[in-house]
Amino acid sequence: EVKLVESGGGLVQPGRSLKLSCAASGFNFNDYWMAWVRQAPGKGLEWIGEINQDSSTINYTPSLKETFTISRDNAQNILFLQTSKLGSEDTAVYYCARAHSGYIDYWGQGVMVTVSS
Amino acid sequence: DNVLPQSPTTMAASPGEKVTITCHASSSGIHMNWHQQKSGTSPKLWIYDTSKLASGVPDRFSGSGSGTSYSLTINTMETEDAATYYCQQCCSTPHMYTFGAGTKLELK
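Heads up: the protein sequence lines correspond to chains A and B, in order. The opening residue of the first sequence carries number 1 in the numbering used here; numbering runs sequentially from there. The opening residue of the second sequence carries number 118 in the numbering used here; numbering runs sequentially from there.
Here chain A stands alone, though its shape is the one from the complex (with noise of 0.2 angstroms):
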């Protein structure tokens, strides 16, 4: 069963960092491309980025690139996203998912991060 967990989330002030963790298991991690896509409360779903089997290939949302850095660590079947300073717009529920041709075919259950002073 693929399962997808992430972690890391909670409060934070305005201008602070964060890291979040996903980890993967019940699939064969490193033969996956991963992504992170973000839900604020009460809106839609917000794409952030994927990367690759081995990380040679990073994609990111171009308005989103310079607060967010994806990376994975094949020896432990574990995706990060590293955020800059964070503002209150970051506020939203984050999911890890993995990606598979074109789609996102299994999603984390999500956690969420409450940018707030």
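A portion of the hints provided could be inaccurate.
Said to hold, decoys possible - List of simulated lysine-lysine pairs, DSSO-like, C-alpha gap at most 30 angstroms:
hint, chain 1, residue 1, chain 2, residue 2
1, A, Lys-19, B, Lys-161
2, B, Lys-135, A, Lys-3
3, B, Lys-135, A, Lys-19
4, A, Lys-19, B, Lys-225
5, A, Lys-43, A, Lys-85
6, B, Lys-221, B, Lys-155
7, A, Lys-43, B, Lys-155
8, A, Lys-43, B, Lys-225
9, B, Lys-221, B, Lys-161
10, B, Lys-169, B, Lys-221
11, A, Lys-3, A, Lys-65
12, B, Lys-225, A, Lys-3
13, B, Lys-169, A, Lys-19
14, A, Lys-85, B, Lys-225
15, A, Lys-19, B, Lys-155
Stated by the list, open to error - Computed spacing ranges between beta-carbons, pair by pair:
hint, chain 1, residue 1, chain 2, residue 2, range
16, B, Lys-225, A, Gly-44, 21 to 29 angstroms
17, B, Pro-175, A, Gly-87, 35 to 43 angstroms
18, A, His-100, B, Val-120, 35 to 43 angstroms
19, B, Pro-132, A, Ser-101, 32 to 40 angstroms
By construction, these hints were calculated from the structure, which means they are not laboratory data. Cβ coordinates follow ideal geometry from the N, Cα and C atoms, glycine included.
Start from chain A and add chain B according to the hints.
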């Protein structure tokens, strides 16, 4: 950034009613995918490569389309189908995934 237009934004359907949701793609000739999200839960892949049902999806659902116009159809609405549906497309230039604005389907 791009958000694919979906219509309608919200709708209500009675059990047994036929439902059609449409999505307009930003690029022509690229497969469309659909995700279902119920309140308080993470999305689930529902339809991929325009017309293929994800594992476990009832066959009252179907997907179709070509060019820049795509649709998700429920042949006969059931209670459990109430959810928000998002279309999703990849990967034009720049290489990125784009989601639709979402269609909230409620039970009448």
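We went through each hint and held it up to the structure:
no.	hint	verdict
1	Lys-19/A with Lys-161/B	holds (25 angstroms)
2	Lys-135/B with Lys-3/A	violated (34 angstroms)
3	Lys-135/B with Lys-19/A	violated (44 angstroms)
4	Lys-19/A with Lys-225/B	violated (43 angstroms)
5	Lys-43/A with Lys-85/A	holds (22 angstroms)
6	Lys-221/B with Lys-155/B	holds (10 angstroms)
7	Lys-43/A with Lys-155/B	holds (13 angstroms)
8	Lys-43/A with Lys-225/B	holds (23 angstroms)
9	Lys-221/B with Lys-161/B	holds (15 angstroms)
10	Lys-169/B with Lys-221/B	holds (22 angstroms)
11	Lys-3/A with Lys-65/A	holds (27 angstroms)
12	Lys-225/B with Lys-3/A	violated (34 angstroms)
13	Lys-169/B with Lys-19/A	violated (36 angstroms)
14	Lys-85/A with Lys-225/B	violated (44 angstroms)
15	Lys-19/A with Lys-155/B	holds (27 angstroms)
16	Lys-225/B with Gly-44/A: 21 to 29 angstroms	holds (23 angstroms)
17	Pro-175/B with Gly-87/A: 35 to 43 angstroms	holds (42 angstroms)
18	His-100/A with Val-120/B: 35 to 43 angstroms	violated (22 angstroms)
19	Pro-132/B with Ser-101/A: 32 to 40 angstroms	holds (35 angstroms)
Consistency with the previously given hints fails for numbers 2, 3, 4, 12, 13, 14, 18, ordered from lowest to highest.
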